[in-house]
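S.K.: In the working numbering, the protein residues as written are -4 to 165.
Be aware that one or more of the hints could be misleading.
What the hints assert, rightly or not - Between beta-carbon pairs, the in silico distance windows are: (1) F148 <-> S50: 23 to 29 Å; (2) N127 <-> P165: 19 to 25 Å; (3) G105 <-> D26: 33 to 39 Å; (4) A102 <-> F148: 27 to 33 Å; (5) G12 <-> G126: 18 to 24 Å; (6) G12 <-> N72: 22 to 28 Å; (7) A155 <-> F13: 16 to 22 Å; (8) E73 <-> S11: 33 to 39 Å; (9) S11 <-> S100: 21 to 27 Å.
None of these hints come from the bench; they were simulated from the model. All C-beta atoms in this analysis are idealised placements derived from N, C-alpha and C, irrespective of residue type, glycine included.
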Amino acid sequence: LDGTSSAALDESMFDSGFDTRSASFWFNSNDVSTTQMIYEEGGLTNGLNIFIQDSKVGVGAWENRSGVWLTTSTTSNEWHHVAYVYDSQNDTFSLFYDGAFVSDSSAIRGTMPNHSGANAIGGVNGRTRLGNGNGGRVTDDLFFTGQITYADFYDNALSAADVNQAYTNP
-4 LDGTSSAALD ESMFDSGFDT RSASFWFNSN DVSTTQMIYE EGGLTNGLNI
46 FIQDSKVGVG AWENRSGVWL TTSTTSNEWH HVAYVYDSQN DTFSLFYDGA
96 FVSDSSAIRG TMPNHSGANA IGGVNGRTRL GNGNGGRVTD DLFFTGQITY
146 ADFYDNALSA ADVNQAYTNP
């Protein structure tokens, strides 16, 4: 991706509510100091994303404009693996980086409701969030510069062993 466009995702596949979901991406960013979107779905009210900001890679999940964002340090010009696990059955949202568990939050309060809005890999296709409140609203493009590959989505909550398997055997 050259930092000027993104790949739109089919809304009918990503905007339905769910109890569990996991996603896994390999990325290589040319610059981790700028804010860039690896993946986003939903909009300002409900959604999920994976982003780069201030030399960190992060994941976000929000419902009714309130949510959680987890981050960890990352580097540019190297391949990295990032994954999230949304598990309403255990009230957790987790971040994994290069095959290892980083952190989680118990801020998840049940099923992610249906959420409308355009979805994308490599940029914002409509709206997303990078935090709670009006300061977290993002309507810019935030195009990714670098490479993204092996984008995998799961309708279940991956275990730590499953995420490590996705990392070691892409």
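S.K.: Determine for every hint whether it applies to the structure shown.
M.R.: Evaluation of the provided hints:
1. F148 <-> S50: 23 to 29 Å: holds, 26 Å
2. N127 <-> P165: 19 to 25 Å: With Cβ atoms ~33 Å apart, the hint is violated.
3. G105 <-> D26: 33 to 39 Å: holds, 37 Å
4. A102 <-> F148: 27 to 33 Å: Cβ of A102 to Cβ of F148: about 22 Å, so the range 27 to 33 Å is violated.
5. G12 <-> G126: 18 to 24 Å: holds, 23 Å
6. G12 <-> N72: 22 to 28 Å: violated, 38 Å
7. A155 <-> F13: 16 to 22 Å: holds, 20 Å
8. E73 <-> S11: 33 to 39 Å: holds, 35 Å
9. S11 <-> S100: 21 to 27 Å: Hint holds: Cβ distance 23 Å, inside 21 to 27 Å.
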